[in-house]
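Q: Chains A and B supply the protein sequences, listed in that same order. Just so you know, the numbering used here puts 1 at position 1 of the first sequence, and the rest follows in order with no gaps. Just so you know, the numbering used here puts 93 at position 93 of the second sequence, and the rest follows in order with no gaps.
There could be a bad hint or two in this list.
[Claimed, not checked] Derived DEER-like restraints, expressed as beta-carbon distance ranges:
1. A/63 x B/269: 29 to 39 Å
2. B/286 x A/199: 54 to 64 Å
3. A/121 x B/26: 57 to 67 Å
4. A/154 x B/286: 51 to 61 Å
5. A/121 x B/183: 55 to 65 Å
6. B/19 x A/23: 15 to 25 Å
7. A/66 x B/183: 16 to 26 Å
8. B/33 x A/10: 42 to 52 Å
9. A/154 x B/33: 27 to 37 Å
10. A/137 x B/247: 38 to 48 Å
11. B/26 x A/137: 52 to 62 Å
12. A/137 x B/290: 53 to 63 Å
13. A/64 x B/270: 41 to 51 Å
In short, the hints are calculated from the structure, not lab data. Here a beta-carbon is modelled for each residue, glycine too, at the ideal position from N, C-alpha and C.
Below, each chain spelled out in residue letters.
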Amino acid sequence: MIAFEQVAYSYGGTATLSDVTVQIASGSFHFLTGPSGSGKSTFLKLCYADLVPSLGRVSVFDQDTHALIRDDLPQMRRRIGVVHQECQFIEHLSVIDNVILPLTVAGRAALPKDVTDLLNWVGLSSVVGMTPAALSGGERQRVALARAVITSPEIILADEPTGNVDWEMSLRLLTLLVELNKMGKTIVVATHDLNLIRTVKAQVAARVLRIKDGRVLLAGADL
Amino acid sequence: MKQRSTLPPTEELKTKSLRIVPPSGLGVWLTGLTAAAMSFLAVFAMALALTAGLVAQNWSSELQGRATIRILPSNENSAQQLDMLLQILAQTPGILKAQPLDSATQTALLAPWLGDDIPFDALPLPQLLDVTYAGERYDFEGLRLRLAAELPDAIIDDHMQFRGPILAAAQQLRWLGYGALGLILSVTAMMVVLAANAALAANGTVIKVLQLVGATDRYIVRAFVRRFALRAFLGACFGCLCAVLALHYMPKVAENSAFLRAFGFVQGQWIWPVALPFFVAGIAYIATRWAGYRKLKELI
């Protein structure tokens, strides 16, 4: 589903990733770990073609992201849900409008029952009329998750989704991601929280990729 | 901040693209103001061009086919000179009519220049003839030479000869008006491009979010284009309304000036100030669309 072949990426001449070759299979659950600045976000951005590799090839849905024409990018991104640590929303729109935004831009109607079910699932049914600025960090993360999954994407990429929330909320968010994985979604979560990884690994067969010195390695049982 | 207990109906969810661009902001506000100011000026430029064109047309039609012959006062018998002149004119091809002006008409023509208290009867005034001719069939130069030979005291003035430059000036004024209109609309387009660029730059997060959730460039640009075209339309409506009111209430200081008296729009010409807001909205549409696509290509 996602394939990195000898991928390198540099920011202004500084290599962030180098010679990365990784396969992420459909329906798998991957953690991506490593210290701050190691390249976790870069890895995820390469996955949804927000960046293109300096060298090598990134394929998503068997399509080379570098070869995608501009009009194909949105179609690909509609099949990928992204959750960021710094959740970005359209702040003047309400929570519900932000959640259904992927449907709106795709010209698809949002069925009220489906939206209600989704909001109940993430525990946000009481805040639909609020603007994102009025929400707590945990609520914003759940809104971002609801927005990421509303189109039922095949891949969900989460970049430090628990960075701004407490332990209890972190577990709740990860539990939601595990549930999505059990529905067949491919999940990649970037986090530096090893305790969280250990806890979640008890619930799901997750693989852990560690980024070290620009290279991506498969971590062992000891992480 | 408002709480909503129930979800909005599906129909409402499908029309959100209009609100994706924040309803306020410098760029949008600037577009409305620019459109209003430029439309106000454009209406005046349009009025100038149309009025100059109308005046030129009126003058042209009034002067077309008309000439004046003066018989200068001399020792000759003026009645005989007049008869002779009428005979010459009757023999001249293309002359349709030759009408001597009576003394009352001549006095009325001179009074504005010399005053009413002048004893016109005592003055050696020339006898004037109003000549009507039929376009190209009239040989002005031939008639002038014949008069010089046979009736030297008779001098012919073709109106087009001395009023031609005035007509040319009116035509130039008309093109000046159109030129000013073109400049105004060009500046409007440039200002909208600048405002759209500013708005696109200020809404970087909105654009990033839209791209993240799979919005196409077309969708993003359309959201901005709608906002800017609407603001430009509303601004232009306001500017046009102000300009039309200003034209209507313009002081009537020059009743004797054909140009100033006619300054404004007549009958079917009102379509232009009415159409202007739509035209400005069209300019804003094209300008924003161009700026939007250009900016989006810069962002990725």
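Q: Could you tell me whether the CB distance from residue 154 of chain A to residue 286 of chain B stays inside 51 to 61 Å?
A: violated, 39 Å
Q: Can you let me know if the beta-carbon spacing of residue 64 of chain A and residue 270 of chain B is within 41 to 51 Å?
A: Violated - the Cβ-Cβ distance for residue 64 of chain A and residue 270 of chain B, about 60 Å, lies outside 41 to 51 Å.
Q: Quick check: does the Cβ-Cβ distance between residue 19 of chain B and residue 23 of chain A fall within 15 to 25 Å?
A: violated, 42 Å
Q: With 54 to 64 Å as the target window, see if residue 286 of chain B and residue 199 of chain A comply at their CB atoms.
A: holds, 56 Å
Q: Is 42 to 52 Å right for how far apart the beta carbons of residue 33 of chain B and residue 10 of chain A are?
A: Distance hint for residue 33 of chain B, residue 10 of chain A holds at roughly 45 Å.
Q: Quick one: are residue 26 of chain B and residue 137 of chain A within 52 to 62 Å, going by C-beta?
A: violated, 30 Å
Q: Look at the Cβ atoms of residue 137 of chain A and residue 247 of chain B and judge whether their distance stays inside 38 to 48 Å.
A: At roughly 59 Å between Cβ atoms, residue 247 of chain B and residue 137 of chain A fall outside 38 to 48 Å, so the hint is violated.
Q: Given a hint of 57 to 67 Å, does the C-beta separation of residue 121 of chain A and residue 26 of chain B actually sit inside it?
A: violated, 40 Å
Q: So does residue 66 of chain A sit 16 to 26 Å from residue 183 of chain B, Cβ to Cβ?
A: For residue 66 of chain A and residue 183 of chain B the Cβ distance comes to about 46 Å; the hint is violated.
Q: Taking the beta carbons of residue 137 of chain A and residue 290 of chain B, is their distance inside 53 to 63 Å?
A: violated, 40 Å
Q: So the hint says 29 to 39 Å: do the beta-carbon atoms of residue 63 of chain A and residue 269 of chain B match that?
A: violated, 58 Å
Q: Between the beta carbons of residue 154 of chain A and residue 33 of chain B, is the distance compatible with 27 to 37 Å?
A: violated, 47 Å
Of the numbered hints listed earlier, those contradicted by the structure are 1, 3, 4, 6, 7, 9, 10, 11, 12, 13.
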